[in-house]
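Fit chain A to the supplied structure of chain V, relying on the hints for placement.
If you're matching them up, the sequences are chains V and A in order. Heads up, this note's numbering is the position in the first sequence plus 5, with the first residue counted as 1. Heads up, this note's numbering is the position in the second sequence plus 171, with the first residue counted as 1.
A few of these clues could be false.
What the hints assert, rightly or not - Quick list of in silico lysine to any residue cross-link-like pairs, SDA-like style, CA-CA up to 25 Å:
{"#": "1", "chain 1": "A", "residue 1": "Lys216", "chain 2": "V", "residue 2": "Asn79"}
{"#": "2", "chain 1": "V", "residue 1": "Lys88", "chain 2": "V", "residue 2": "Ile65"}
{"#": "3", "chain 1": "V", "residue 1": "Lys47", "chain 2": "A", "residue 2": "Ala281"}
What the hints assert, rightly or not - Pairwise CB distance ranges, derived in the manner of DEER restraints:
{"#": "4", "chain 1": "A", "residue 1": "Glu174", "chain 2": "V", "residue 2": "Leu35", "range": "19 to 27 Å"}
{"#": "5", "chain 1": "V", "residue 1": "Lys88", "chain 2": "A", "residue 2": "Ala281", "range": "37 to 45 Å"}
{"#": "6", "chain 1": "V", "residue 1": "Tyr55", "chain 2": "A", "residue 2": "Ser220", "range": "19 to 27 Å"}
{"#": "7", "chain 1": "A", "residue 1": "Arg172", "chain 2": "V", "residue 2": "Gly77", "range": "39 to 47 Å"}
{"#": "8", "chain 1": "A", "residue 1": "Ser224", "chain 2": "V", "residue 2": "Ala102", "range": "20 to 28 Å"}
{"#": "9", "chain 1": "A", "residue 1": "Asp248", "chain 2": "V", "residue 2": "Ser60", "range": "40 to 48 Å"}
{"#": "10", "chain 1": "A", "residue 1": "Ala281", "chain 2": "V", "residue 2": "Gln69", "range": "31 to 39 Å"}
{"#": "11", "chain 1": "A", "residue 1": "Asp178", "chain 2": "V", "residue 2": "Glu108", "range": "40 to 48 Å"}
{"#": "12", "chain 1": "V", "residue 1": "Gly21", "chain 2": "A", "residue 2": "Arg247", "range": "45 to 53 Å"}
{"#": "13", "chain 1": "A", "residue 1": "Gln240", "chain 2": "V", "residue 2": "Glu23", "range": "40 to 48 Å"}
{"#": "14", "chain 1": "A", "residue 1": "Leu251", "chain 2": "V", "residue 2": "Gln46", "range": "20 to 28 Å"}
{"#": "15", "chain 1": "A", "residue 1": "Gly180", "chain 2": "V", "residue 2": "Ser63", "range": "24 to 32 Å"}
{"#": "16", "chain 1": "A", "residue 1": "Asn198", "chain 2": "V", "residue 2": "Gln69", "range": "45 to 53 Å"}
{"#": "17", "chain 1": "A", "residue 1": "Pro179", "chain 2": "V", "residue 2": "Ile65", "range": "16 to 24 Å"}
Hint data in this document are derived by calculation from the structure and do not stem from the laboratory. The model shown is predicted, which means the values in this text are computed figures rather than measured ones. Beta carbons: idealized from backbone N, C-alpha and C, even for Gly.
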Amino acid sequence: EPEVTQTPSHQVTQMGQEVILRCVPISNHLYFYWYRQILGQKVEFLVSFYNNEISEKSEIFDDQFSVERPDGSNFTLKIRSTKLEDSAMYFCASSEALAGGHEQFFGPGTRLTVL
Amino acid sequence: RKEVEQDPGPFNVPEGATVAFNCTYSNSASQSFFWYRQDCRKEPKLLMSVYSSGNEDGRFTAQLNRASQYISLLIRDSKLSDSATYLCVVNMEADYKLSFGAGTTVTVRA
Chain V
6 EPEVTQTPSH QVTQMGQEVI LRCVPISNHL YFYWYRQILG QKVEFLVSFY
56 NNEISEKSEI FDDQFSVERP DGSNFTLKIR STKLEDSAMY FCASSEALAG
106 GHEQFFGPGT RLTVL
Chain A
172 RKEVEQDPGP FNVPEGATVA FNCTYSNSAS QSFFWYRQDC RKEPKLLMSV
222 YSSGNEDGRF TAQLNRASQY ISLLIRDSKL SDSATYLCVV NMEADYKLSF
272 GAGTTVTVRA
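Just chain V, with the same shape it has in the complex (with noise of 0.2 Å):
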């Protein structure tokens, strides 16, 4: 069964620094996204891509945050300089169409540790 992978499953950065999270969306997918979960909260949007361009980000995804799809298989997500607050479990999700009535499947997450 094809799934999303994500790279590496744990990262561990001083503040300040930059760091960047690696996704295989799942091949014949077209809509890609990153969602962060931070330790007891509750999932959040940070971004969605589709044809090579965000289609929609919410508040966090300040200027600190970009994404690429550098290739035809990976899609990325940056964070310029990190913040203690940026200690979270990201996630990469993918789908064949809009999200309405079409399923979004999660890869296995990127913990990230800011210290």
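Only chain A this time, still in chain V's reference frame:
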């Protein structure tokens, strides 16, 4: 008001019991509704979509009440493997994002 609100539980039930819980959503324009399941420190996984007429998937039954803006999930004949956090999720038509509730924790004991 939160977009999606759930009773956090925990619901602690014996094997074989029936457990049910609700979720309310604030945006009347919401069009698609889902229950996802999340195991500890794992990714959310779709349990079932929720349709206007209500739907069943094995031991799981979901109901939608648009007038009162709530969704329910009922689990019959609970198994130990049903222990998880159940996430209520809504989406607006032509919207990209999923809006998640904080989850309802269910623990099934032997």
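Status of the hints after comparison with the structure:
1. Restraint check: the Cα-Cα separation between Lys216/A and Asn79/V comes to about 21 Å, which is no more than 25 Å; the hinted pair holds.
2. For the hint pairing Lys88/V with Ile65/V, the CA-to-CA distance comes to about 13 Å; that is within 25 Å, so the pair holds.
3. Between the alpha carbons of Lys47/V and Ala281/A the distance comes to roughly 28 Å, so the proposed pair goes past 25 Å and is violated.
4. Between Glu174/A and Leu35/V the beta carbons are some 26 Å apart, a value that agrees with the proposed interval 19 to 27 Å.
5. Evaluation of the 37 to 45 Å hint for Lys88/V and Ala281/A yields a pass: the beta carbon distance comes to about 44 Å.
6. The beta-carbon spacing between Tyr55/V and Ser220/A, approximately 21 Å, falls within the hinted interval of 19 to 27 Å.
7. Distance hint for Arg172/A and Gly77/V: a CB-CB separation of about 42 Å, consistent with the stated range 39 to 47 Å.
8. Taking the beta carbon of each, Ser224/A and Ala102/V are about 23 Å apart, inside 20 to 28 Å as hinted.
9. The hinted range of 40 to 48 Å is satisfied by Asp248/A and Ser60/V, whose Cβ atoms lie roughly 42 Å apart.
10. One distance hint, 31 to 39 Å for the beta-carbon pair Ala281/A and Gln69/V, is violated here, with the actual separation near 47 Å.
11. The supplied range of 40 to 48 Å is broken by Asp178/A and Glu108/V, whose beta-carbon atoms lie about 25 Å from each other.
12. Checked against the given bound of 45 to 53 Å, the beta carbons of Gly21/V and Arg247/A, roughly 52 Å apart, stay inside it.
13. The hint said 40 to 48 Å for the Cβ distance between Gln240/A and Glu23/V, and at roughly 42 Å that hint holds.
14. Against the hinted window of 20 to 28 Å, the Cβ-Cβ separation of Leu251/A and Gln46/V comes to about 27 Å, which satisfies the hint.
15. Checked against the given bound of 24 to 32 Å, the beta carbons of Gly180/A and Ser63/V, roughly 27 Å apart, stay inside it.
16. A hinted range of 45 to 53 Å for the beta carbons of Asn198/A and Gln69/V is inconsistent with their spacing of about 28 Å.
17. The supplied range of 16 to 24 Å is met by Pro179/A and Ile65/V, whose beta-carbon atoms lie about 22 Å from each other.
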